[in-house]
Amino acid sequence: MFRRYNLNTQFKKGILDLVILKSVQDQEMYGFEIIEKLSDLLSINENTIYPILRRLTEQKLFETYTTDSPLGAKRKYYRITERGKKRLNNYLNEYNTFINNVDEILNRRNDQ
Amino acid sequence: MSKEQFINELTSYLKARNVIESDIKAVVEDYKELYGEAQDRGLSDVEIFEKLGTPRSIYLALRDTLSIRYVSSNRNKIVAVSPFVAIILFFIIGLGFNLYDYAWMSFLLIPISAILINVKGSDRIISLTPFISIVIFMITGFLFDWWHPMWLIFFSIPISAIILKTKNKDTVIGLSPFVITIIYFLVAVLINPEFYRYGFAMYALIPIIAILLHPLNTKRITMLILIVLAVFGHLFAGFVYDGWSYSWAAYLVPVIFGIIIGDITFESELGWRDKKQKSTLLSLIVIVAVYFAVSYLVGGIWNWSWIILLLFPMASIYIHNGIKHPVSFMPFIATITFMILGTFFGLWDYAWLVYLSIPIVAIVTDKKPGITIKKSKVLEEIDDDSI
Numbered sequence: 001m002f003r004r005y006n007l008n009t010q011f012k013k014g015i016l017d018l019v020i021l022k023s024v025q026d027q028e029m030y031g032f033e034i035i036e037k038l039s040d041l042l043s044i045n046e047n048t049i050y051p052i053l054r055r056l057t058e059q060k061l062f063e064t065y066t067t068d069s070p071l072g073a074k075r076k077y078y079r080i081t082e083r084g085k086k087r088l089n090n091y092l093n094e095y096n097t098f099i100n101n102v103d104e105i106l107n108r109r110n111d112q
Numbered sequence: 001m002s003k004e005q006f007i008n009e010l011t012s013y014l015k016a017r018n019v020i021e022s023d024i025k026a027v028v029e030d031y032k033e034l035y036g037e038a039q040d041r042g043l044s045d046v047e048i049f050e051k052l053g054t055p056r057s058i059y060l061a062l063r064d065t066l067s068i069r070y071v072s073s074n075r076n077k078i079v080a081v082s083p084f085v086a087i088i089l090f091f092i093i094g095l096g097f098n099l100y101d102y103a104w105m106s107f108l109l110i111p112i113s114a115i116l117i118n119v120k121g122s123d124r125i126i127s128l129t130p131f132i133s134i135v136i137f138m139i140t141g142f143l144f145d146w147w148h149p150m151w152l153i154f155f156s157i158p159i160s161a162i163i164l165k166t167k168n169k170d171t172v173i174g175l176s177p178f179v180i181t182i183i184y185f186l187v188a189v190l191i192n193p194e195f196y197r198y199g200f201a202m203y204a205l206i207p208i209i210a211i212l213l214h215p216l217n218t219k220r221i222t223m224l225i226l227i228v229l230a231v232f233g234h235l236f237a238g239f240v241y242d243g244w245s246y247s248w249a250a251y252l253v254p255v256i257f258g259i260i261i262g263d264i265t266f267e268s269e270l271g272w273r274d275k276k277q278k279s280t281l282l283s284l285i286v287i288v289a290v291y292f293a294v295s296y297l298v299g300g301i302w303n304w305s306w307i308i309l310l311l312f313p314m315a316s317i318y319i320h321n322g323i324k325h326p327v328s329f330m331p332f333i334a335t336i337t338f339m340i341l342g343t344f345f346g347l348w349d350y351a352w353l354v355y356l357s358i359p360i361v362a363i364v365t366d367k368k369p370g371i372t373i374k375k376s377k378v379l380e381e382i383d384d385d386s387i
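Respectively, the protein sequence lines represent chains A and B.
My numbering puts the first sequence at residues 1 to 112.
My numbering puts the second sequence at residues 1 to 387.
In short, the hints are calculated from the structure, not lab data.
Treat the hints with caution; some may be incorrect.
Claimed, not checked - Once the Cα atoms are required to be at most 30 Å apart in a straight line, the calculated DSBU-like pairs of lysine-lysine come out as:
(1) B:Lys3 - B:Lys51
(2) B:Lys32 - A:Lys37
(3) B:Lys51 - A:Lys22
(4) A:Lys85 - B:Lys32
(5) A:Lys37 - B:Lys51
(6) B:Lys25 - A:Lys37
(7) B:Lys32 - B:Lys15
(8) B:Lys15 - A:Lys74
Please construct the entire structure, taking both the sequences and the accompanying hints into account.
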């Protein structure tokens with residue numbers, strides 16, 4: 001038996017939130033750095049990432065700070081907040097449950 | 001495109017979408033930084049532009065997180081005050097001068113002020129014509145008893161829409177039924193009542209004008225000849241044999257010819273391409289026909305039967321917008337109700353209250369807040385946040 005899981009649209013939308021939250025938790029990054037890193041890895045359009053950063057910051061899941069760059073332009077770094085960490089844990093739990101359930105279905109079919 | 005151009009375009013685009021200043025400032029600052037960071041990485045302007053997107057794509061992606069200012073609060077205040085101004089005017093004109101026949105028109109200030117303030121460009125003129133028509137119609141009716149043919153003033157509604165919304169051939173073709181009808185009635189009423197009988201032939205000009213404004217081919221030339229012959233037959237049978245009662249049948253010949261050659265689409269090729277245009281014209285014809293039938297058959301009701309004509313702007317609104325904006329029907333419903341209560345029940349003293357239904361419906365059905373602000377699924381998510 002596997003646990004009942006509600007796959008909701010929020011979860012689907014949350015995949016990108018999850019990835020961005022995790023990336024910033026692992027390493028504080030400035031905006032364009034996040035955009036480049038994730039768009040290369042996930043093959044997604046670069047201009048979809050900044051709106052998510054802005055939304056997560058408005059939701060107080062990220063906070064920002066500015067530092068001077070040796071190359072000239074100031075850089076705005078993103079750092080995950082406590083609220084962001086809790087949200088990230090929620091997303092990770094949902095994601096892991098979902099993946100486990102999918103694995104269970106796939107393995108059961110293979111066994112049969 | 002340079003960084004400065006990119007930032008200017010983004011700023012202008014957000015301003016044009018009524019995004020509030022603080023949000024524009026925050027987004028623009030972020031994009032300045034993103035642009036600078038991308039430059040530090042050695043990307044060219046073209047590459048950066050491709051990565052950051054167009055102002056439009058940025059706006060669409062950010063829309064849920066932006067606060068949008070819908071309308072100016074001062075303007076809304078004027079509209080909100082208009083019902084009270086209308087009531088005061090009503091009592092001043094009615095009580096002060098005992099002119100209740102005219103006083104009720106002060107309530108038309110409510111929709112008129114809303115249109116003047118919130119509707120822009122040519123739509124403003126089109127939206128105002130029903131109310132200007134009512135005022136002119138009522139004043140000339142009361143003062144000079146010109147109920148007929150002054151009802152033709154209501155043709156200003158489709159005429160203004162055709163002049164302002166169509167071009168070239170479509171304008172001429174669209175106007176022709178109204179201009180001909182106006183001439184037909186004015187000549188018959190003001191010059192010679194006999195014109196009602198033979199002047200009817202003028203309506204043949206509508207298809208003739210439409211045909212002549214398009215490239216001629218054999219079918220159209222044949223149709224032209226048949227229409228001219230039908231006019232001749234109609235007038236000949238009428239004048240020579242006094243056969244006005246049957247001579248109109250001559251027009252059946254070009255009509256049947258049109259059907260036989262499959263020219264049902266002929267009309268649509270000649271200007272009435274849009275189903276909505278056809279429905280509007282059809283509703284106008286039906287409503288004017290009902291107006292005349294009722295007015296002539298009952299007799300002595302010209303002073304109130306004109307309310308039937310208000311069904312036309314209502315039908316027009318319904319055809320074009322459905323019932324998306326219930327308040328747009330209210331001035332007409334209120335006027336019809338006012339006239340019915342006053343005429344049939346003698347409740348002129350109280351009937352004016354129905355005009356208060358206009359602002360009430362506007363308030364009840366208004367989905368937009370007075371000043372701003374569409375913030376955002378972001379805040380909803382914060383509220384929902386159970387972490």
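Against the structure, test the hints numbered earlier, and report the numbers of the ones violated in rising order.
none
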